[in-house]
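Q: As a plain string of letters, each chain reads:
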Amino acid sequence: MSAFVHHRTASPHAAADWSSRQTLMTNLRTVIGRAYPRVRGMVREPSWVFFEILLPFLATSAFVFVYRALQAPAEYIGFVVLGGAMTAFWLNVIWMMAQQLWWEKSQGNLELYFAAPIDFMAVLFGMAVGGLIMSSSRAFIVLVVATAVYGVSFAVDQWLLLLAVFGLTLAALYGLGMVLASLFLMWGREAWHLTQLLQEPIYFVSGLNFPVGRLGFLGALSISLLPLAVGLDALRQLAFADTPYPAGTPPPEVEVLILLAMTAVFLLAARWTLRVLERRARQAGRLSIRWQ
Amino acid sequence: MSSAPAQLAIEARSVRRVYRTKPADVVALDGVDLDVAPGEFFGLLGPNGAGKTTLIKILTTLLLPSSGTARVFGFDVERDVKRIRRIMNMVAGGEQSGYGILTVREQLWMFSQFYGLGSRPGWERVDELIAATGLADQRLQRVSTLSTGQRQKMNMARGLLNDPWILFLDEPTLGLDVSAARSIRALVLDWKTAVPGRTVLLTTHYMAEADDLCDRIAIVDHGRILAIGSPAELKRRVQRESIFRIELDRLDGGSTALARLPGVVSAAEAGAGEGEEERQTVVMNLVLAEDAALGGVVGALGATGSTILALRKSEPTLEDVFVELVGRGFEESEQDERTAVPA
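Protein chains in written order, with the numbering used here: chain A, 1 to 292; chain B, 1 to 343.
Simulated from the structure, these hints should not be mistaken for laboratory data. A hint or two may mislead.
[Unchecked claim] Have a look at the derived ranges for each label pair, beta carbon to beta carbon:
id, chain 1, residue 1, chain 2, residue 2, range
1, B, D215, A, L197, 34 to 44 Å
2, B, S147, A, H193, 35 to 45 Å
3, B, K82, A, P73, 29 to 39 Å
4, A, S47, B, E233, 30 to 40 Å
5, A, R275, B, R240, 53 to 63 Å
6, B, P196, A, R275, 29 to 39 Å
[Unchecked claim] Far from chain B, some chain A residues (derived; all Cβ distances over 12 Å):
id, residue
7, W18
8, V31
9, S61
10, A69
11, G108
12, P117
13, A264
[Claimed, not checked] Reference listing, derived: stretches of chain A covered by chain B, where coverage requires no fewer than 3 residues with Cβ under 8 Å from a Cβ of chain B:
id, region
14, 38 to 44
15, 135 to 144
The beta carbon of each residue, even a glycine, is placed where N, CA and C say it ideally should be.
Sequences and hints are given; from them, build the entire structure.
A: Here's what the structure looks like:
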């Protein structure tokens with residue numbers, strides 16, 4: 001064993017034949033490997049505290065003051081704080097999942113990922129896990145600070161359901177992120193514009209700062225399409241169980257099922273689009289041509 | 001599983017690749033046939049835009065050929081993608097891959113995970129390669145702060161993480177200073193010779209690099225392979241005559257007498273040299289029909305009292321081979337390419 005003879009195999013064919021376990025373990029290690037730079041980056045560059053926590057906290061505060069000025073019911077302050085915390089995940093999905101592959105391509109990372117003996121879904125999972133860790137800390141801090149500063153009181157009757165909704169919301173959100181990442185692989189330079197398009201309109205139709213049921217048909221449509229909308233609505237219903245919730249959306253038990261379906265659909269769609277688009281990208285030369 | 005008798009390391013048949021671009025399609029590869037044996041150090045030599053990188057992208061499964069077939073150790077680049085990826089690795093010149101926020105050690109560990117090394121074996125492997133590539137002092141330095149040469153050493157370490165059976169090197173010394181380029185070349189040679197059967201496919205437009213490293217070379221231009229052979233074989237293609245450069249203390253009677261000798265095609269004074277103690281010497285270029293004619297020349301010079309101070313046989317270079325095959329030099333070819341293909 002030396003640096004130049006590490007794991008000697010009998011022949012190229014022996015080296016090329018992997019067991020199912022070897023394939024599975026490599027993909028699992030890939031998830032950890034790809035999540036690693038995000039976690040290290042979070043620790044190593046503390047500037048994110050300002051950009052990722054202070055600025056969103058100020059944005060959330062603006063809505064709190066508006067509701068107070070309008071003398072809205074007290075639970076609306078809680079709705080806004082919860083929405084502000086969940087914003088972290090959506091921003092992470094569109095900026096660090098969907099658009100990420102375009103950046104990876106311009107850096108030359110993408111071709112190295114594709115040239116490695118892994119399922120690219122593992123890379124996407126790794127990005128998602130790393131992003132989740134980053135965003136969860138931001139969301140947690142915004143939630144705790146805003147709750148303390150603005151005196152929000154939660155009333156949770158169904159903790160298990162609340163946790164299930166939260167977990168499924170993130171699974172569906174990052175599943176959607178994986179689908180978008182695959183699509184952005186083909187859109188290349190247009191990715192940035194599309195990301196811009198996805199930011200503010202999605203905030204609005206997801207009801208980040210108000211109950212989405214207020215939007216009537218549009219709200220119902222959001223509930224059926226956007227994980228953030230349905231997840232946030234269910235979380236609000238469960239986190240403020242002692243107050244009357246505005247009508248217009250299904251109960252959280254139904255919304256859990258919607259989230260479950262979304263998770264399955266998005267993960268399957270991500271896998272399918274990735275396969276199809278990888279082949280198309282190999283045909284068109286888009287995996288390695290950096291200016292596209 | 002694909003059946004696999006003793007295959008070639010690389011087997012390309014009529015590989016053609018066309019990029020659909022506006023205003024006109026670009027034919028990057030135009031019917032390439034190539035055989036590379038296991039254990040060979042094979043070079044693709046050609047100017048920028050010749051199609052070298054396109055061929056590497058196809059062989060590394062990143063790009064599909066428009067037509068034709070290509071195999072790596074018997075595995076088809078379209079169908080056996082995962083198998084090829086398990087036995088190969090690739091390093092390109094000027095590569096900026098990875099994440100600047102990580103240290104060298106962390107970045108290499110991250111890549112080791114993509115090749116299935118466990119966490120601890122991954123760290124151990126990384127430390128071995130860091131030592132072997134001479135990056136021990138930079139191991140805890142952030143990737144974003146590395147010099148170009150250090151970065152390329154790190155890229156080489158990444159390319160060796162999985163002990164590949166075939167290593168694709170795409171202009172690996174591009175933009176490096178002489179010392180860094182030399183250490184990269186030495187590293188590749190050391191790695192290759194450590195285990196018989198390891199194969200390297202190198203693309204370069206540095207003639208000396210191809211000449212030094214490669215067992216065989218394919219000269220590529222405009223998507224076609226113009227010639228294949230060992231550096232010596234390729235040079236012999238253009239060396240129809242023997243050319244000698246000879247330095248004399250004096251030459252009585254001029255070069256005309258030498259030119260009349262049997263087997264001498266031409267003899268011409270190249271100019272005056274500066275000998276010892278600032279004494280002027282005479283430098284001549286001799287073109288002989290064959291090496292054997294040199295004896296007659298030496299005898300004739302001795303008879304006239306001239307002393308030979310230096311004698312050197314001029315070898316043709318790979319640039320000469322390229323000019324012979326294409327009708328123009330590398331730089332002209334690259335100039336043509338820049339004019340023809342919009343960036």
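Q: Each hint: holds or not?
A: Tested hints:
1. B/D215 with A/L197: 34 to 44 Å: violated, 54 Å
2. B/S147 with A/H193: 35 to 45 Å: Between B/S147 and A/H193, where Cβ atoms are some 36 Å apart, the hint holds.
3. B/K82 with A/P73: 29 to 39 Å: violated, 57 Å
4. A/S47 with B/E233: 30 to 40 Å: violated, 59 Å
5. A/R275 with B/R240: 53 to 63 Å: Taking Cβ atoms as reference, A/R275 and B/R240 lie about 56 Å apart, which means the hint holds.
6. B/P196 with A/R275: 29 to 39 Å: holds, 38 Å
7. W18: Violated, because the least Cβ-Cβ distance between A/W18 and chain B comes to about 6 Å, which does not exceed 12 Å.
8. V31: violated, 9 Å
9. S61: holds, 30 Å
10. A69: holds, 42 Å
11. G108: violated, 4 Å
12. P117: violated, 4 Å
13. A264: A/A264 clear of chain B: closest Cβ-Cβ about 25 Å, beyond 12 Å.
14. 38 to 44: As far as the region 38 to 44 of chain A goes, the hint holds, because 3 residues have Cβ atoms under 8 Å from chain B.
15. 135 to 144: violated (count 0)
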